[in-house]
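Novice: If you want the building blocks of each chain, they are given just below.
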Amino acid sequence: MQNRFLGSSILLLVAVLVLVSVSFSQNRQPTGAQRTPAASNNPFDPHDLSGYWELTNLGRPASALNTISNNRPSMTDRGKSLFIKTKTGYKELSTGVSPQKDWNDPALWCDPLGFPRILWTPTLPGMRLAQARDEVIQFFENGRAWRDLWTDGRKLPTGTDVDPRWFGYAVAKWEGDAFVVTSNNYIEKSWLDQYGSPHSDQLMVEERYRRTDRDHLELVVNITDAKVYTAAWKGDKRIFARVDKPARSDFNDFPENLCVWSEHKIQPKS
Amino acid sequence: MRHCFVASFVALVAVLAVAPILAAETSAQAPPPKTPAAKAQSSETHDISGIWRMLAPGATRARAATVGAGAFHPTLGNDRPALTAWGQTKWSQTRPSGRNTKLAYVYLPDQKDWNDPLFVCDPAGYPRVGGGNSLYRFAQLPNEVVEFFERDHVWRDLWTDGRKLPGNNPKPRWYGYSVAHWEGDTFVVESSGFDDRTWLDLQGSIHSDQMRLEERYKVLDRDHLEFSMTLTDPKAYTAPWIGPKQLMERMDTSDGVAPGIWGKKPDGTAYGDIREDYCVYSEEHAFWVNDDPTGHGDNFSKPGPGAERK
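Chains as they are written, first to last, in the numbering used here: chain Y, 1 to 270; chain F, 1 to 310.
Keep in mind that the hints were calculated from the coordinates and are not lab data. All residues carry an ideal CB built from backbone N, CA and C; glycine is no exception. There may be inaccurate statements among the hints.
Here are the computed lysine to any residue pairs in the SDA-like style, where the Cα-Cα straight-line distance is at most 20 angstroms [said to hold, decoys possible]:
| id | chain 1 | residue 1 | chain 2 | residue 2 |
| --- | --- | --- | --- | --- |
| 1 | Y | Lys245 | F | Gly162 |
| 2 | Y | Lys234 | Y | Ser94 |
| 3 | F | Lys265 | Y | Ser94 |
| 4 | Y | Lys155 | F | Leu108 |
Chain F side only, calculated, beta carbon under 7 angstroms to chain Y, not exhaustive [to be verified]:
| id | residue |
| --- | --- |
| 5 | Cys121 |
| 6 | His153 |
| 7 | Tyr177 |
| 8 | Trp182 |
| 9 | Met251 |
| 10 | Asp255 |
| 11 | Gly263 |
| 12 | Lys264 |
| 13 | Gly268 |
| 14 | Tyr271 |
Ranges of calculated distance between the beta carbons of each label pair, as one might list FRET restraints [to be verified]:
| id | chain 1 | residue 1 | chain 2 | residue 2 | range |
| --- | --- | --- | --- | --- | --- |
| 15 | F | Pro259 | Y | Pro61 | 44 to 52 angstroms |
| 16 | F | Val106 | Y | Ala231 | 54 to 62 angstroms |
| 17 | Y | Asn42 | F | Pro170 | 30 to 38 angstroms |
| 18 | F | Lys164 | Y | Thr160 | 44 to 52 angstroms |
| 19 | Y | Val97 | F | Pro240 | 17 to 25 angstroms |
| 20 | Y | Ser63 | F | Pro266 | 32 to 40 angstroms |
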């Protein structure tokens, strides 16, 4: 059942949530081009990505959006049919600003954000990388989610037996000083960003991480999804800054940032 | 992807887990095998990395015969201590999902009356997240053991770097704050700072923000741990709740991951992985709306209690 007309309190809550998101987004959008990071002279191991990292807007133009890049390729008919169903309050990259009663961002009712969206929206994008025996573990403050970036030689799963996942299946390797992650088998219900950019179950994601100095980590996310996009979506270079401990934590760890539906009571829309 | 999280949860539930490990110490004495068919292999290091399944109390290695029983067993067992007046009041507000047991405050057969927070996909919290058919995975990092859960795809940090549990009134967390250390061949985890909205089990056992947990993972051999948990919560219970000893069994990989999708290691064994078992509210919502066996319509449109499929 769909509640087409939500109670005023729920609408208010939705508005607050979105305003928070927009505010965050705007806070993260510089008014002018951000300087590039000052190089650190501290020693570091380029093949060790361990640590807490905070996403920045360093080096990005003022108009840069919180997504893979502003240059989203055109969509296939299949992509258009998915995209037209998305309703947001954003004008950039979206289907147009919709009345808030129609917004259907899955994040509004606490569905998993999925990858790569969890990198940039809707809340503060704390990330931690940790080196374990057979993998690099990628932790996110959002939703207390994690990804296994397997480095033990396994290959990405293919075939119809594979259950798609919100955070996909990922393997990784080093190419020089670049840590390259490839992933597939994503649940297609997640959005790639807050603007409603869709994807299919054929989404393939390539992430290229490079530690440029002790305190900075570059990331470029490229995606291909022939079902939805007519070309590869090439990502902007994003820069993370290393922090000794996460902000907002009282235990020198990630605070618990979980979306709790009973605190929201927002109904899904079709 | 798992769809009917709630259904699977109702169908199972049980026990818990966690465990440990750590780092660079290498001595640990080899405990003798203590279970039937236990491998004559000792733990040579303080390391319990891997994927583990919790068996029911008293269970041996007959996994197929015991998992179902374990799935319905409360993590802390049935010997719950008496509640305080505060605890009694809180407990009286629970409406568990048709469980006619002494642990349940009330037996309500009609799902419209139930208010289990999991049925709206609120966080399970610890220790409940370990119940049901969720497996546990531990990974050793330099300063901690990370405990991963299939359910809700969340993790706990079990810090072994010497930090202390936070003092009075930390910001409550669904999964608490945890520190850990080794005592001989036993990995000991202590936790506090829990959000008191979670239930401890399917039956609606409650706790307060004063709850403290001690988990003990005794290494029996390479493939088995002995788990036990003690809950202390003087605000809610008149005495500690001491759970039964339960066996944890190592698995190469989760049986919730399609067999063979990752291929095999050079030694022929499976690459380890656990499933991603989210409770997805929009799916649960659709499920309930479209398949409400009681005919009560859309329970989720009503404020307050959620609902569960039978």
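Novice: With reference to the structure, classify each hint as holding or not holding.
Specialist: Going down the list of hints, with the structure as the test:
1. Y:Lys245 to F:Gly162: Given pair Lys245 of chain Y, Gly162 of chain F holds - Cα atoms ~16 angstroms apart, limit 20 angstroms.
2. Y:Lys234 to Y:Ser94: Roughly 18 angstroms between the alpha carbons, so the hint for Lys234 of chain Y and Ser94 of chain Y holds.
3. F:Lys265 to Y:Ser94: violated, 45 angstroms
4. Y:Lys155 to F:Leu108: Not OK: Lys155 of chain Y and Leu108 of chain F at ~49 angstroms, beyond 20 angstroms, violated.
5. Cys121: holds, 5 angstroms
6. His153: Holds: closest Cβ of chain Y sits about 6 angstroms from His153 of chain F, inside 7 angstroms.
7. Tyr177: With a minimum Cβ separation of about 6 angstroms from chain Y (threshold 7 angstroms), the hint on Tyr177 of chain F holds.
8. Trp182: Because about 19 angstroms separates Trp182 of chain F from the closest Cβ in chain Y, which is outside the 7 angstroms limit, the hint is violated.
9. Met251: Nearest chain Y Cβ about 16 angstroms off; hint violated.
10. Asp255: violated, 13 angstroms
11. Gly263: holds, 6 angstroms
12. Lys264: violated, 9 angstroms
13. Gly268: violated, 14 angstroms
14. Tyr271: At 5 angstroms from the nearest chain Y Cβ, Tyr271 of chain F passes the 7 angstroms test, so the hint holds.
15. F:Pro259 to Y:Pro61: 44 to 52 angstroms: Distance hint for Pro259 of chain F, Pro61 of chain Y holds at roughly 48 angstroms.
16. F:Val106 to Y:Ala231: 54 to 62 angstroms: The hint (54 to 62 angstroms, Cβ to Cβ) holds, given that Val106 of chain F and Ala231 of chain Y are roughly 60 angstroms apart.
17. Y:Asn42 to F:Pro170: 30 to 38 angstroms: holds, 32 angstroms
18. F:Lys164 to Y:Thr160: 44 to 52 angstroms: Holds, at about 50 angstroms.
19. Y:Val97 to F:Pro240: 17 to 25 angstroms: The hint (17 to 25 angstroms, Cβ to Cβ) is violated, given that Val97 of chain Y and Pro240 of chain F are roughly 57 angstroms apart.
20. Y:Ser63 to F:Pro266: 32 to 40 angstroms: violated, 50 angstroms
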